[in-house]
Structures are given as structure tokens and as C-alpha cells.
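Chain A is fixed; fit chain B onto it per the hints.
Those protein sequences? They're chains A and B, same order as listed.
Read left to right, the first sequence gives residues 16 to 349 (this note's numbering).
Read left to right, the second sequence gives residues 18 to 345 (this note's numbering).
Wrong hints could be hidden among the right ones.
Claimed, not checked - Keeping only pairs whose Cα atoms sit at most 30 angstroms apart, straight-line, the calculated DSSO-like set for lysine-lysine is:
(1) B:222 x A:221
(2) B:166 x A:306
(3) B:166 x A:287
(4) A:291 x B:223
(5) A:29 x A:110
(6) B:27 x B:52
(7) B:52 x A:325
(8) A:291 x B:218
It is worth saying that the hints were derived from the structure and are not from the lab.
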Amino acid sequence: MSENEVLLDVRNLKMHFSLGRSLFSKEKGYIYAVDGISFQIKRGETLGLVGESGCGKSTTVRAIAQLYKPTAGEVFLKGKDLMKTSAHDLLSARKNMQMVFQDPYASLNPRMTAGEIISEPMKIFQQRGLLDMSTEERNDRVDNLMERVGLSRFFKNRYPHEFSGGQRQRIGIARALALKPELMLCDEPVSALDVSIQSQILNLFKDLQKEFGLTYLFIAHDLAVIQYISDRVAVMYLGLIVEISGSKDLYKNPMHPYTQALLSAAPIPDPKVEAKRQRIILTGDVPSPDKQRPGCYFYDRCWKRMDICKKYRPELKETESGHQVACFLYHKPE
Amino acid sequence: MTEEVILQVKDLKTYFHVDEGIVKAVDGVSFDLHKGETLGIVGESGSGKSVTNLSIINLIPNPPGKIAGGQVLFHEKDILKMSANEIRQIRGNKISMIFQDPMTSLNPFLKVSTQMIETIVLHQGLDKKAAKAKAIEMLKLAGIPAPEKRIDQYPHQFSGGMRQRVMIAMGLSCNPEILIADEPTSALDVTIQAQILELMKDLTKKLGTAVILITHSLGVVAGMCNTICVMYAGRVVERGQTEDIFGEPKHPYTQGLIHSVPRLDRENSERLFSIQGQPPNVIDLPDCCPFYPRCEKAMDICKKKYPTVVHSENGRAVSCWLYAEEKK
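This is chain B alone, in the form it adopts within the complex:
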């Protein structure tokens, strides 16, 4: 990709200090986001997807959480070192977020208009009237019928899919450079999910917004993303172009994940492939490969040291001893 890199996450570490020990929710995550790119972050619950993205805009509750190290460079400026005021200029303006459950992320006591106008007035310096016009325009773009009327309604008067449209309109109202979407369709039905994904694709393309899409659904990433990061136990285990990852998954976890999903377009064999065992408890993880107890290809070295990251062409990176040895 020749496009300019707008966001660089370097060795990000976010730890939570709890009574039982230290939870290394994110432990050394790195990736680049290019202009106009859609990056998918996939992983199972507890793998650190959401914490990664909350860390990017410095929204980790402290205590118990703490960003223990790393850099988040937005146009080469480190967000983690900015003052609260500087961050406020970026959050919701240059980088905005959409959350999973639109009912809990919209204020039920305020009209949609109040919530949308607030953001626009704050970040774009428009007066209230112009801001309302802008808000109506965004709702229209997001496919809400009769936006002039709907804007004066409360969130509960919208259905789930409509609420998510409002969230998208709100997220994009300040022409952000980056939109972080945290499981935007997981709470929605399939037919509504298809509508919302289509809308996100269209709008972000039109506005040139880069997207970080967090999801557990491999189907969603396959259709939406240019590049993918696969996370396991707080680390990125594999990263690369979508076609490469699906075409030839390298990390045993990625392989397992792709093979264990039943597919509609194929006749599935008698048994599904499945990864044995349970995801690890992330409290006080030893410094070895966290996947080795479940890995079919585990070797002695996997129990001793965390694998080094092996880079190859096309931005591909894998953290697995299987490939590290090949290099030696």
C-alpha cells in the first residue's frame, strides 16, 4: 500500500491491576493504519480487541487499568503523551468510535438532535442552526427516512438497526480520519447487519475514512477489511492482507479459527475442526506462547519463550516458532 500511514501503534501495553495479579489485557500490540484503509481486528472474547482500541484514544479507566508502555502515533504525534485538552480535540473529531450496543452508548434522556448537535458545535465551530442542518444531512446519508422529523425523537423511538445508523451518522459527522467500530453489528440480526455493513462501506469510502473494525465474526472481516490482525491473549499473533490470511493462514490459531467455522457455501464434513481446550486465563501469563497448550504443532521452545515476530512481504507478520526457525 502506498497510502500515507495515519496511525501507528507501537508495542502497546495495557495492564489491569486486580486483586489476583496483573491482567495483561494488551501486551505488545503493533500495527499501522493507512489512509482510507479498513483494518479488521479479530479474536475471541478476552483477547484484548476492545482494550486495544480504548487505549488508542486513551479511554482506559485508571485505576485499575494502566497503559504500561508503547506509543500510539497519530500523524506522528503520540496520543498517549498528549494532555487531556489535546486529546479532546482529537477524540470524536479526528478519531471517532461506534460501540456494540447503540442503546447503551446513546443517552436515553436526550433527543438525538441534542446529542448530534453537541458534537458538531464543539468540534466544528458551527452555530446551532448550521449544526442541525449538518446533523440532518448526516442522518439522511445514513439512510434514516424523514430525518427532519426523526432527529427530534429519543433513542428509544428507534429500532436497533436505526439506532446503529444514528451512531454511524454521529460518528462520521465531523469527517473523522479514523472510525473505530467496536463490534458494530454483533447485536443485530443478519438482514440488518447486512444493511449496516453496506452503509459503513459506502459512507467511509465516500468520505475517505479509515476504519478499525473489531469483530469476532470471520465472515464480517472477509467482506469488509483490507487487512487483518488476529489477536490471542493480548497479542497480535498474525497480521496481513485479508486475502493472504484467508488464503494461507500461517499461525496454528488462525488456521484453527478459519477451519472451525461451518460454511454456508460448502457441504461441511461430518465433524468440524475444533481447537481443543479453553482460552487461557490472562492473569499472570508466563512469558511463553499463550497458545501452546491448545496447539497441535507445539514444540519445546514454545513453552519457554514468546516467539519473535517474523515479517514477510506484503506486510505479513506471524508470531510463531514454526516460522522463526525457518529463518535461522
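Only chain A is shown next, with the shape it has when bound in the complex:
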């Protein structure tokens, strides 16, 4: 296990959703939710994924977890291509890859107690012969997990409705940890929480990472949260990654015009700073991802657009500063 080992390698991942077929089985069209993205996550690292609603963040995570069958591309987890493995191998790969969801109300079964929810993954993997644990061991593990995420073990027999939003999210995290995964896919885990609870949960994520050496793919739409939790940040727009950079560098030196606009639009909780800030206000809304465009996807809203952007789509390329940017301002097309 070397420090720089690549744990997750996503190559040219595409996820297109069909809009249905008409009577004579002609495709009506597609939603190009994720349209060819590539990135790598190293062991122990946190990659943050930001973007506005509809840009394909959640679809990316679900396609990686193989909850959707991706249209094209490759997803390597520890060197194994998840899209080509058998169902049994995929199941054992999933042991290494667990998800935490956004809505702590919808993602817990209301008819199961907290203890049952947390032990369920272990039961399932035991039934399939992928785990060897006695009932006592399992119960001990549930107790330990609950205490670890900050819940009393005496709450084991309570149902989800008896917990607050923050506590439910802790149950969700304990469930994800149950199988000792290496990679956690976190889909907006703090977006539904209040400010004071959000910071508790963010701290918990950081502590767990340190303790268990976890690797996170972390989605949020709040840029400040992303900057805090991540080592590197990928910015998505309309199903494509437009910039990847180190999180410390992102705010100081955003390169893609969209990243710049996104950062300048995010409010900062300090009236003195706010009074001095120059905002880049983007015009218009995010277009619908229902067609593939020839040029840059951001063209319609970009305030630095050039003629060339309409004709060709810029590739994500490494620049001198170490950022990967998909913009013709920094590299000319071949």
C-alpha cells in the first residue's frame, strides 16, 4: 500500500439517459447527464465534486457505484474494471466502496431500528459468504460504530423518526463504515443539515478519515464546504469537468471562467469582505443537457468567450500552474 497508489480511476465515463422510444422504436433523444469525464483519486485523498444542480454530480457518483449501468467508459477500483466484472466480483468490490446519501430521511428504512440498519450490510455480505462474523461480533461492531460516530449505544433499538437530522446522518455514516470500506462516496451528505450540525458532521468525516485512512469522493454544492473537506476539487458544468485543482489553490487562483463566476457568486459570511467584493454575475440559466453541443458547453454564459469556443470543445489539460482546465484561454486547439 504505497502513499501514491491510485484507488479509483475513472476514464471517459459517460452516462446518457434515454428519453424513451416512440412507436416505431426510434429514440426520442437523450439526456447527456455525464458526458465523458476522467479523474483519479489516490488512497487517503478527498476529491470534492462541485457544480450546480443538474450538472451531473450525483449521476457521476451513482455511475461509479454501478447503481446505473454507465453508457461508456471505464471505472477502475484498485485496478479492477467495475464495468466488466461479474456480479459476484462487483459485490465484493462494493464492500470497498460505500455510499452516504444526502437526505437522511429518505435513505434510512423507517421500519428498521438504528441497530438493524447499521448491521444490515454485514448480514448481507455474510449471507453471500463474503464475510465471516458471529452474531456477537456483529453486535459488538454495531455498538462500536455507534459510539464512534457519536451516538449512544443505548439508541440501538430506536427507529429513525426518533432521531434528529444530524443524528440520522450519523446512522447513515455508521452503516457505510460497517464493512470497513476504503472508498466512501458521499453524495451531498451535509446539504440538508443546519449550520451548527453541519460543522459537527464535517468534523466527523475528517476524524474518520484520519482514523481509518478513508478515501472520499465528496459532493457538495457549497464551495466553502468543499474547500474545507477536500484535497483536490473538480468543478463540473453540464456533465463535464471544467477544472481540477488543489483545494487551497482553487479560491486564490481559479482559472476557468465558470469557476471564477462560481467562486465570486458564493456569499462570504463577513460584511466587510462582502462590501468590497466584485461579483461576476452570470446571465441566464444552466441549459438543459438534452443535446450535445459542438463547442464549449459554457459558451452561452461565458463572458470571456471567443469565436473558437463555438466551434471546438476544449479538452481538460494540465496547465503550468498544475491545474487541469478545459478552456481555450489557456491552451489552443490542435
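Chain B in isolation, oriented as in the chain A frame:
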């Protein structure tokens, strides 16, 4: 501030009677709103922000809710004592509201024109044609492209940000003195949020409207508001000018809230500050400081009595025993 006070909320109490007991959703809230001022009300879910503002225009569903006490003085007349007819003259006309989710607050079966014209005809006594012209003018001000065409469309034909623009145009169409905006941008994306906030700032300045902005986002208040009320468990725990509150928060809850948000413009330290514990259940709250179980500076007296409000210069007020003792 030398501007005239247009709205005074005094010791407002709104209780909900439910099976488990009495929910004191708003329990003794007071504040003043000056002409042209933007007042922010911040707090977490369940702190009573929205109920406060529904109470101001007497829209609390009764039962289970009941305004149990206090006054809401609009130009020195108590709204809570007005007849239904009198209130109707004010609501939507002198005081209008914008809600969080524009899809649920616009009628999906009616064209935007029908909904906008109705308000204008009702409150301004214009005929339908003049009202439509006025509506188009407002949509234009709100930055809707081709308003002459868009006005005859249905709400679902607008995007989220556009719908919120329609709501703002509608809210401001009768030149209200007060605009109450309940989480107007919480459902929107960051770039759209920036557009809408900018629009609200511009328009209300142009029209001289005072705004009560309810939000849970400290970033939004920092950029928009002149004064702030911080609410916790149905009470205002701290009130003052925005710069003062952010510069030197006094109440431990305000301090915790400000420090627990990660900031984009700073390198954040390894751990975020966090307030321990959970917000209290507001059913049958005892008469003590509701924040004491989570407070780092809690003292014996905090468990026994609700702190008195300590006023200081610049309209600053804090409800915390830490400062009450200093006075003694």
C-alpha cells in the same frame, strides 16, 4: 438610524397547541424596522423565523396556531387587532411576501398575467389594461427577457430563477413599504442566487422598500442586510447592526454560528468549531435559557431563569446572563 420606524414588533408570541403540549414557536420577539432598511432574521430550522413573519401579516393558521400576545405596529396601528378587511388592504399591498419555493407559491393553473393583474387591479384600482402594462413594466424591471410574451405563459414554463423573478416582480408591483422575503434564494443555485440577490438589492433601493430577509445563510445576510436578528428556539438572542454582530458577536450562540461556517476566503484550520448537541425540542420549553445545554459558558443562573435583554448603543441587544451580570 434617523429614518422613521415603519414597523414595530413588540413582544410577539405565537403558540401552537398540539397533542404533546404547547409549542412556543415564537416567544417574545421584538424588533423595529426603519424605512428603506434591510433586516435579516437568521436562525436554524425550527427557530421561529418564518412563524414570526407569518404572524406579522396575521397568516397563522388557527387552530392549531394562535398569536398569544404582543403587538405588531405598522405605522403605529396594531395589525393584530385589525379586522380581516383592514388587513386585506395591507397584505399584498403595503406589506408583501416572497416565499422560498416559487413553484408552490404561484398557481400552476393560471397564467402569470392573470396572477399579477389580479393583485394590481385589487389594490391599485387600475383597469385591466393599465394593470397589464404595469405588470409588464415590473417584469422588465425584474430582468425577464421579452416580458410582453412571457407574461402570457404559465409558471412551469419558467425556470427556478425566472420564477423567483416573477415572484419579486409580483411582490413589488404595488410599491409595498415592506417586502418580507422568506428564504428567497435557498432553493436556487449559487450563480442564480447571486443574480436574484443583486436584483432584490437594486429594486428595493430604487423603490425605497424596506425588506425583512429570512435566511439560514450567514453569507447572504452579510452581503444584504443593515441589521440582523439572530433567533434561537423562538426568541431573538441577539440583535444589532450587521458589522457589529459579525465584528464582535456577543451571544455564545452567535459566536458559535459564525465560527462554525467554513470560509472560502480563508484557509480553514484542521477542525471546524462546532456547537455541541442538538437544537432543543420546543414543546413545553422550561423558562430558562434554551441554549444552556449547548453553551460553553453556561452558568447556574442560566438553568433557572431566562436572561434579561441587555441593550447597548447602536441598537444592540443581547439576551445572555454573561452581559446581564456586568450591568449589575
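Checked hints:
1. B:222 x A:221: Given that 30 angstroms is the threshold and the Cα spacing comes to 43 angstroms, the pair is violated.
2. B:166 x A:306: At roughly 26 angstroms apart (the allowed maximum being 30 angstroms), residue 306 of chain A and residue 166 of chain B satisfy the hint.
3. B:166 x A:287: Violated - the C-alpha atoms of residue 287 of chain A and residue 166 of chain B are around 41 angstroms apart, more than 30 angstroms.
4. A:291 x B:223: Cα-Cα ~21 angstroms, so holds.
5. A:29 x A:110: holds, 24 angstroms
6. B:27 x B:52: The hint holds at about 18 angstroms.
7. B:52 x A:325: violated, 49 angstroms
8. A:291 x B:218: OK: residue 291 of chain A and residue 218 of chain B at ~16 angstroms, within 30 angstroms.
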